[in-house]
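S.K.: Construct the entire structure; sequences and hints are all you get.
Protein chains in written order, with my numbering: chain L, 1 to 266; chain E, 1 to 266.
Hints should not be assumed to be uniformly reliable.
To be verified - Computed beta-carbon distance windows for the label pairs: (1) E:Glu120 / L:Ser23: 21 to 31 angstroms; (2) L:Gly24 / E:Gln129: 47 to 57 angstroms; (3) L:Glu221 / E:Ser47: 35 to 45 angstroms.
As the list claims (entries may be wrong) - To spell it out: a stretch of chain E is covered by chain L in this simulated footprint if at least three of its residues, at any positions, have a beta carbon under 8 angstroms from a beta carbon of chain L; those stretches are: (4) 83–97; (5) 130–137; (6) 151–158; (7) 161–170.
What the hints assert, rightly or not - Here's a subset of chain L near chain E, in silico, CB distances under 8 angstroms, partners left out: (8) Gly11; (9) Leu12; (10) Val42; (11) Glu80; (12) Pro136; (13) Tyr155.
No wet-lab data here; the hints were simulated from the structure.
Just so it is clear, CB atoms sit at the ideal spot from N, CA and C, and this is done for glycine as well.
2 protein chains.
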Amino acid sequence: MKRVVVTGATGLIGRIVIDAWRSGGQYDVVGLARSASNHTDVLCDTSDLEGLVAAFQGADAVVHLAGSSAVSSSWEAVLESNLIGLRNVFEAARLAGVKRVVFSSSNHAVGTFETANRPEIFEINDPRQIDHTAEPMPDSLYGVSKVYGEAMARYYVDHHGLEAVCLRIGGCMGEEASTSPQNLWDPQRDNEPGIREARMRVRAVWLSNRDCIHLIERSIEADVQWALVYGISDNPRKLWDIEHAREVLGYNPQDAAPREIFPGVE
Amino acid sequence: MKRVVVTGATGLIGRIVIDAWRSGGQYDVVGLARSASNHTDVLCDTSDLEGLVAAFQGADAVVHLAGSSAVSSSWEAVLESNLIGLRNVFEAARLAGVKRVVFSSSNHAVGTFETANRPEIFEINDPRQIDHTAEPMPDSLYGVSKVYGEAMARYYVDHHGLEAVCLRIGGCMGEEASTSPQNLWDPQRDNEPGIREARMRVRAVWLSNRDCIHLIERSIEADVQWALVYGISDNPRKLWDIEHAREVLGYNPQDAAPREIFPGVE
Numbered sequence: 001m002k003r004v005v006v007t008g009a010t011g012l013i014g015r016i017v018i019d020a021w022r023s024g025g026q027y028d029v030v031g032l033a034r035s036a037s038n039h040t041d042v043l044c045d046t047s048d049l050e051g052l053v054a055a056f057q058g059a060d061a062v063v064h065l066a067g068s069s070a071v072s073s074s075w076e077a078v079l080e081s082n083l084i085g086l087r088n089v090f091e092a093a094r095l096a097g098v099k100r101v102v103f104s105s106s107n108h109a110v111g112t113f114e115t116a117n118r119p120e121i122f123e124i125n126d127p128r129q130i131d132h133t134a135e136p137m138p139d140s141l142y143g144v145s146k147v148y149g150e151a152m153a154r155y156y157v158d159h160h161g162l163e164a165v166c167l168r169i170g171g172c173m174g175e176e177a178s179t180s181p182q183n184l185w186d187p188q189r190d191n192e193p194g195i196r197e198a199r200m201r202v203r204a205v206w207l208s209n210r211d212c213i214h215l216i217e218r219s220i221e222a223d224v225q226w227a228l229v230y231g232i233s234d235n236p237r238k239l240w241d242i243e244h245a246r247e248v249l250g251y252n253p254q255d256a257a258p259r260e261i262f263p264g265v266e
Numbered sequence: 001m002k003r004v005v006v007t008g009a010t011g012l013i014g015r016i017v018i019d020a021w022r023s024g025g026q027y028d029v030v031g032l033a034r035s036a037s038n039h040t041d042v043l044c045d046t047s048d049l050e051g052l053v054a055a056f057q058g059a060d061a062v063v064h065l066a067g068s069s070a071v072s073s074s075w076e077a078v079l080e081s082n083l084i085g086l087r088n089v090f091e092a093a094r095l096a097g098v099k100r101v102v103f104s105s106s107n108h109a110v111g112t113f114e115t116a117n118r119p120e121i122f123e124i125n126d127p128r129q130i131d132h133t134a135e136p137m138p139d140s141l142y143g144v145s146k147v148y149g150e151a152m153a154r155y156y157v158d159h160h161g162l163e164a165v166c167l168r169i170g171g172c173m174g175e176e177a178s179t180s181p182q183n184l185w186d187p188q189r190d191n192e193p194g195i196r197e198a199r200m201r202v203r204a205v206w207l208s209n210r211d212c213i214h215l216i217e218r219s220i221e222a223d224v225q226w227a228l229v230y231g232i233s234d235n236p237r238k239l240w241d242i243e244h245a246r247e248v249l250g251y252n253p254q255d256a257a258p259r260e261i262f263p264g265v266e
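M.R.: This is how it looks when you write it as structure tokens:
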């Protein structure tokens, strides 16, 4: 059984995959985080290169989810976790002889394309779709750090023999929307400002818990040295491409956001 | 007359443009560097955000050349100058109200494409050419930092109203090759290991001093909010595209490396 270290074990996606693999037994999973929790097996901050090297010994893959995850993250937070911490994870993987790193990048690497074209771009029939070849257009320092992280991953692949899969993970929302994004909102709130656009957006970017776990498993298993992919469920409107993930990772989503999200209106 | 602050005033390209503008009078030029020199008007390190803000007051443009420039730069050097220092320069430009930043990025952002295809890619008739749309493929931590710098520039353009031009500057070599790259080598050395490939490479990437100065002047003057371009002279073999620089900056190189660089052989 493969040994997989998950950094950011206390985060939303960390908890989802650790719970799945603990109960399903797919991997010998080690949760790494800087704070103790039910999902933390190893206490370690990504600022601690030596600690990471020790934690990665014997691992077949690292799923690197740790980092400052708020789009509004400050420069100081981005610098510490997403620039320095990110590099430490790849360097530690190299030093520990880990073959593969799966890195949770973000759609915010190209986020300005979305913010500049909203809300029309969320419409069910809008033809525009962003894929892994889109030019970098970060909407935040957080987004800048994800462009950097992808470039660092590529460097370690091409020059240090690692394998890396960078995931621009869709709107994965945890338990509250694990089966359908409709559960997110009380229909009574449809007239509140922003709710309509938010619901339209989620329809276009939703990633179910099940598809998220599958996407990360494929990222660990696929026979690929380098990949950069978007990952969302098989939604009726897809803001982001999933054909590339199908092709290079064998990603095959089982879920889809509902087409009709406003009663009586398409 | 525009006031232009040049960071990295003691570096190769800093000295070239400062000398040109001091003698030609095109700009009220302020040389900024962390060490004193004939080209240093303001002593300041890019780690000093407040110092940069003070130095940038009243400037129309910043030409940001400071940074760790060796491809083999250590992580510590890259982190200090090319990650933290780079962000400080853009943030200081924003705080000081500077309209435009010209940033010396590097071909090493896509350097692996070259290293993976050398030496054939330097041949006079090789059809391959890299342009600004190439996917990031850094050959070094230095190259990673340049991908990051370009993404940071784009973020400040799109979200803080700055104008930015990112230059992947060609092989600019200072006085020793200011008129022709042939001067670089003693013909007697043609049989030494690597000399032949090095000369072929320079033919494909050479940027004369005159064209370098012109490229940076166009980057200050062109009516553009955002641009990412390669810049080399009008060489008979061009490893990097210059049509985009012609189009968006009005770049019009006057020099060209010679076609015949090996006596009697093309």
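S.K.: Hint by hint, say whether it matches the structure.
M.R.: Hint check:
The hinted window of 21 to 31 angstroms between Glu120 (chain E) and Ser23 (chain L) is violated, with their beta carbons roughly 53 angstroms apart. Between Gly24 (chain L) and Gln129 (chain E) the C-beta distance comes to about 49 angstroms, which sits within the given range of 47 to 57 angstroms. Against the hinted window of 35 to 45 angstroms, the Cβ-Cβ separation of Glu221 (chain L) and Ser47 (chain E) comes to about 44 angstroms, which satisfies the hint. Coverage of the stretch 83–97 of chain E by chain L holds in this model, with 4 residues showing a Cβ closer than 8 angstroms to a Cβ of that chain against a need of three.
Given a C-beta distance limit of less than 8 angstroms, the hint that chain L covers the stretch 130–137 of chain E holds, as 4 residues qualify and 3 suffice. Here the stretch 151–158 of chain E counts 5 residues with a CB under 8 angstroms from a CB of chain L, which clears the bar of 3, and the coverage holds. Residues of the stretch 161–170 of chain E lying with their CB closer than 8 angstroms to a CB of chain L number 0, which falls below the three-residue condition for coverage. Taking 8 angstroms as the C-beta contact cut-off toward chain E, the hint placing Gly11 (chain L) at the interface is violated, the least distance being around 23 angstroms.
For Leu12 (chain L), the interface hint is violated, since its Cβ never comes within 8 angstroms of a Cβ in chain E; the closest pair sits about 25 angstroms apart. The beta carbon of Val42 (chain L) is not positioned within 8 angstroms of any beta carbon in chain E (closest approach about 24 angstroms), and the interface hint is therefore violated. The beta carbon of Glu80 (chain L) is not positioned within 8 angstroms of any beta carbon in chain E (closest approach about 11 angstroms), and the interface hint is therefore violated. The interface hint given for Pro136 (chain L) is met, as the beta carbon of that residue sits about 5 angstroms from the closest beta carbon of chain E, less than 8 angstroms.
Interface hint status for Tyr155 (chain L): upheld, as the beta-carbon distance to the closest one in chain E is roughly 5 angstroms, under 8 angstroms.
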